[in-house]
Amino acid sequence: MKLDSIDITRCQLVNSTRTARIYRSNTYAIKCLALDYDIPPHNTEFEVSILSKVGSKCQHILPLLESKATDNDLLLLFPFEEMNLHEFMQLQYKRDIRKKNPYYDLLDSSTQTAAGSSVQKYTNQLDVNQYPLSFFSQIIEGVAFLHENKIIHRDIKPQNIMLTNNTTTQPPKLYIIDFGVSYDMGNKSQTSAEPMDSKVTDISTGIYKAPEVLFGVKCYDGGVDVWSLLIIVSQWFQRETDRMGHVPAMIDDGSDDMNSDGSDFRLICSIFEKLGVPSILKWEAVAQHGSVDAFVGMFGADGDGKYILDQQKDVQVSIIERNMPRLNEITDVKVKQKFVNCILGMVSFSPNERWSCQRILQELKKP
Numbered sequence: 001m002k003l004d005s006i007d008i009t010r011c012q013l014v015n016s017t018r019t020a021r022i023y024r025s026n027t028y029a030i031k032c033l034a035l036d037y038d039i040p041p042h043n044t045e046f047e048v049s050i051l052s053k054v055g056s057k058c059q060h061i062l063p064l065l066e067s068k069a070t071d072n073d074l075l076l077l078f079p080f081e082e083m084n085l086h087e088f089m090q091l092q093y094k095r096d097i098r099k100k101n102p103y104y105d106l107l108d109s110s111t112q113t114a115a116g117s118s119v120q121k122y123t124n125q126l127d128v129n130q131y132p133l134s135f136f137s138q139i140i141e142g143v144a145f146l147h148e149n150k151i152i153h154r155d156i157k158p159q160n161i162m163l164t165n166n167t168t169t170q171p172p173k174l175y176i177i178d179f180g181v182s183y184d185m186g187n188k189s190q191t192s193a194e195p196m197d198s199k200v201t202d203i204s205t206g207i208y209k210a211p212e213v214l215f216g217v218k219c220y221d222g223g224v225d226v227w228s229l230l231i232i233v234s235q236w237f238q239r240e241t242d243r244m245g246h247v248p249a250m251i252d253d254g255s256d257d258m259n260s261d262g263s264d265f266r267l268i269c270s271i272f273e274k275l276g277v278p279s280i281l282k283w284e285a286v287a288q289h290g291s292v293d294a295f296v297g298m299f300g301a302d303g304d305g306k307y308i309l310d311q312q313k314d315v316q317v318s319i320i321e322r323n324m325p326r327l328n329e330i331t332d333v334k335v336k337q338k339f340v341n342c343i344l345g346m347v348s349f350s351p352n353e354r355w356s357c358q359r360i361l362q363e364l365k366k367p
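Every letter in the sequence shown is one number past the one before it in the UniProt record's numbering, and letter 320, counting from 1, is 320.
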């Protein structure tokens, strides 16, 4: 199909954001970008350049089939996929109504309600022995390809990962999409407009923001994508939520139905609550390139002694298992160990110590 043969006014509008509209035409998706409405770091020129550079070379990146500029818009043609990873995860949460029970409440204070009332929970019924390893491997392969080609995606999240609509494929095939804020270190035009040691920090979405970015580090690298993937992995291994449509992670930013955006400060506090506060001496990225005064002023210079990577290995593992409780439901001991090793490799607040995609792939490919 050619874009010249598509009447956009007759296409089905699938989604609309501040920067783009997504339409469906049979088996194709058309992304419509307003040429006069680039909101930094969104840039239509760089997005097309990156998509053209990637082409169809990686099976886990949705390929650009064609692009066309009109008087006001830029149209990008892709294969259409029905569902993204966030929607898939939402479907795994099933409603679980529990009648109030005094004995149960003693075990779990979160269920305390008015006498005789019921507690509404949604339990995560994702098959952790079927999906996570496949999903993890596919996404890592896609991100590794980007990093090998000097591209930082900068907005890895479940909404930007599509699943194949081929229902006979189990588990589904995954594709990374949306390069609107991506950064190509090999594109001189982009590195001139946004120097590599002074990149914008208004990247990623909500809970998927890396800790170094939250403290103003502008010389970040592909490690921000690895951190985002860590948070996605944590979502697969949560047990329940009390909000319909919510896909919890090991951290949160305070976002809810009333405050969908959350806050970076709430996110920082959540990360430190779950993983501990490092000393500034061990967080070189922030000490040398970030908002060191803000960090020290709020949390002190010496840390809280609970930073996960300062603990003994068995304590580190227990912290991971506490934050991702369904890890213990993986029946294959080797698979669980691979996840634990990768998670501990990804969880470092220091970007230079965080595992690269290639290192993660090496771990996943071990027999």
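Honestly, I wouldn't trust all of these hints.
[Said to hold, decoys possible] Derived pair list, reagent style EDC-like, types lysine to aspartate or glutamate, alpha-carbon separation capped at 20 Å:
(1) Lys336 x Glu363
(2) Lys282 x Asp256
(3) Lys150 x Asp36
(4) Lys94 x Asp302
(5) Lys338 x Glu141
Simulated from the structure, these hints should not be mistaken for lab results.
Model, not experiment: these values are computed from the prediction.
Verify the proposed pairing of Lys150 with Asp36, using a straight-line Cα cut of 20 Å. Not satisfied, since the Cα-Cα distance of roughly 28 Å exceeds 20 Å.
Is it true that the CA of Lys282 sits at most 20 Å from the CA of Asp256? 33 Å, violated
Quickly compare the C-alpha distance for Lys94 and Asp302 to 20 Å and report which way the hint goes. 43 Å, violated
Going straight from one Cα to the other, do Lys336 and Glu363 come out at no more than 20 Å? 12 Å, holds
Please verify whether Lys338 and Glu141 have alpha carbons no more than 20 Å apart. 16 Å, holds
The structure fails to meet hints 2, 3 and 4 from the earlier list, while all remaining hints are met.
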